[in-house]
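Enquirer: Residues per chain are reported as follows:
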Amino acid sequence: MKRSAALIAMLAAATVLAGCSGTDSAPPARALNIATMTLPQSLDPNDANGSALPFFQAVYDTLVKREPDGRYSPMLASEWKFSDDQTELALTLRADVKFDDGTPFTAQAVKANMERFRKGGGAQAKTLDDVKAIEVVDDTHVTLKLSQPNSAMLYYLSDAAGLMANPADFAKGEALKTRPNGTGPYELDQSQTVIGTKWVFNRAKGYWGAKLPYDTITISYFDNETAIVNGVKTGQVNAALIQEADQQISVEGHPNVKTTKQDFDFQGILLFDRAGAVTPELGDPRVRQALNHAIDRETMLAKIRQGRGTVTSQVFGPATSAYKPELDTYYTFDQNKARDLLKAAGHADGFTLKLPRIPAIVSEALAASLQTDLAAVGVKLVWDDVDQGSAVQRIFRDRAFSGMVMNMGQSSTDWVVVGELVLPGAFNMFGYTDDTVKRLLPTIQSKPAAAAKADLQALNEHLVKDGWFLPFYRMTYLHVSDGTVTIAPQDGMAVPSIYNYAPAG
Amino acid sequence: MLSFILRRIAAGVALLFVISLLSYTLLSIPHIDVGRQLLGQGAPQDLVDAKNAALGLDRPAMVQYLDWLANAVRGDFGTSWFTSENVLRAIANRLPVTLSLMIGVTLVTAVLSFLLGVWAGVRRGAVDRFVQVFAVVGYALPGFLVTLVIVLVFAVRLGWFPAIGYVGPSQSFTGWLSTVTLPIVSLSVGSIAGVAQQVRGSVIDVMRQDYVRTLRARGLPPWRIVFVHVVRNASAPALAVLGMQFVGLLGGAVLVEQIFGLPGIGSMTVTYTTRGDIPIIMALVMFSVIGVILINLVVDVLIGWLNPKARIA
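Just so you know, the sequences run in chain order G and D.
Numbering follows the UniProt record's numbering, with no gaps: position 480 of the first sequence is 480.
Numbering follows the UniProt record's numbering, with no gaps: position 100 of the second sequence is 100.
These are calculated hints, taken from the structure and not from any lab test.
For glycine and all other residues, C-beta sits at the position ideal for the given N, C-alpha and C.
Be aware that one or more of the hints could be misleading.
[What the hints assert, rightly or not] Label pairs and their in silico Cβ distance ranges:
(1) D:75 / G:133: 40 to 50 Å
(2) G:67 / D:140: 51 to 61 Å
(3) D:152 / G:334: 42 to 52 Å
(4) D:171 / G:255: 28 to 38 Å
(5) G:103 / D:71: 34 to 44 Å
(6) G:171 / D:75: 23 to 33 Å
(7) D:270 / G:505: 30 to 40 Å
[To be verified] Covered stretches of chain G, going by a simulated chain D footprint (3 or more residues, C-beta under 8 Å):
(8) 119–133
(9) 170–179
(10) 226–233
(11) 421–430
Extracted from the complex, chain G is given alone in its bound form (with noise of 0.2 Å):
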């Protein structure tokens, strides 16, 4: 009996525990708990990608700063000068920055960096591929040659790439992996942070810059967003990022929470085999724009997203100067054309394509929706269930599919979204291009995006109409709080940039 005298003795002083629960878990006054779905895989800036980014900002500063709005602000760079053939970036770097050790931060760091990211390996390695040489002038100087102008170069040096570390620690071999070493905000807190499970963040003393208004910050990583969002509900996570449109219905009726809306992805087909290498039919553009008529991009929405999001045609985004709002409804759904588009194609009996269905990404109601509309007009949409890693082995390295369908990131900057989409690459793996895009490039890529708005129109609408994409819709993601912090969405980047939290009020 003793033994059940102990457990009633526990559960009683849980009970009474669980009424100062709240005193004990409540983070102190300034301090930020923010949840997120993302692992990074480590904390050297050669790792840094995507979403990760935030983990990376708290430590390390950019050389430019990337604002909420998509601006650029000076960070460690105070200035920076293109040359008037857009084939040089002069860089004016701060002279009073210090790494923790005591290290001065001089071009020479910026020289080491770059030179340590092209070659590291990363997923951004690529984006300094047209930096030909990096040249110190002096201390606080340093010019990036380029090999051919990249309008996307600033936005490149906002993240990834643009992040500083100690160039002292590049010779101790994985060291930055664990124990980041920079000129950030803040510091890792080794004692407190529990890799892959939550990562805290302390104010950094005689940090250079505006101070950030948490003393803490401390990322906390989940695998699903039901325990993000009760923590939200009862305060014990102070802010997160909610893609999925149920857990935004469940959390957005909750007195406590604060939510701001912003469309990031974009959901759609990405068609890759234009030239018809994989699935022939797809190599005459009226095949593509009937795929584009078939599809019921209204219901889809209502049906899949619950109505969270915005229908479009389009891959640039509504912050890019290639944007068109038109384009976004240019298909319409209407089965007859599309039909009459296959006829004329020499298709009216139909034919058959073959897709990756990655379960991750593509639903049972989308994959059966897609498969419903594209039926009643003769294609029949054969999805290939493979788990994830197969199916990204048969994609990318065998190229045994004719598209996939993706959840794309939108970013505001134009050539970032030419580079992922447009030019030969992962997601134009079989290089395809043609004349109108042939002549468009080269004058959107001599400037920047404000000066070739009308041509990256051109494109853009040339990318529409001759159907190289199958776009669903943009998907509305919903930033929550519990109403402590006020949360700017970040332009470029699905969840917030450090810098972008606020006590409210």
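Start from chain G and add chain D according to the hints.
Expert: Frame of chain G, contents of chain D only:
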């Protein structure tokens, strides 16, 4: 007894070797393109190939296995491909979370299921029917449903307990208790139901034995008959079930850890397995097998201690 334990340990080592070989082979079959997973879908193929080569994944699976085995025998389980964390440290960080749950649930289950089972088996009648209904309902309710309802009611709505997260007992004992209570309750429902049924059945069997009648006839007080003689003899099968439940908890913990956002071994297994992080998965498999071997050994020794006849078998 000592030779029995030694034989079991030797068999366990052999089992570890066989399972490690099988696991590595199975993990190598899907050909998960780790380089592509690490670098993202937009990465150029040559970069992906270079990454795979850097990780040694371009070598035959058997060579990779032997390399892994040679290091593992020396206690070096490497670093995670996906988070660069030391594998042993990663597991050591998460083990206390899952062990808290497993030990907590086993203690709660042991106490409550024995009380319920003995109560039902001895008293029978309405009490028995009540326990039976509880057992059936408890067993039939889907674990995830119980967990979700518990978290929504006691954490989100009433705010009595934290909805997510884990606090180590060394950091704050009260914090630890408040973070593990709801997960333990969620996992215990099905567990108690299963073991209580087993205890009830065994108690009824033992109560029908001749020696119990003899004890009664000799005028021993009923509580003494039940708690000294019946329970001791009825515990062996229940203990076996409890041991199996303990092992099975590792599976049940996956869901509970995910819903409560607990950084334990269960949720870790899911996260790293879907990514194909072989260093972490192999270490998890090895430690799980060691755990299962040890638990079975402890249960067998306990049963032998309770019931000397079992030692012969």
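Enquirer: Evaluate each hint against the coordinates.
Expert: We went through each hint and held it up to the structure:
no., hint, result
1, D:75 / G:133: 40 to 50 Å, "holds (47 Å)"
2, G:67 / D:140: 51 to 61 Å, "holds (56 Å)"
3, D:152 / G:334: 42 to 52 Å, "holds (45 Å)"
4, D:171 / G:255: 28 to 38 Å, "holds (31 Å)"
5, G:103 / D:71: 34 to 44 Å, "holds (35 Å)"
6, G:171 / D:75: 23 to 33 Å, "holds (28 Å)"
7, D:270 / G:505: 30 to 40 Å, "holds (39 Å)"
8, 119–133, "holds (count 5)"
9, 170–179, "holds (count 3)"
10, 226–233, "holds (count 6)"
11, 421–430, "holds (count 3)"
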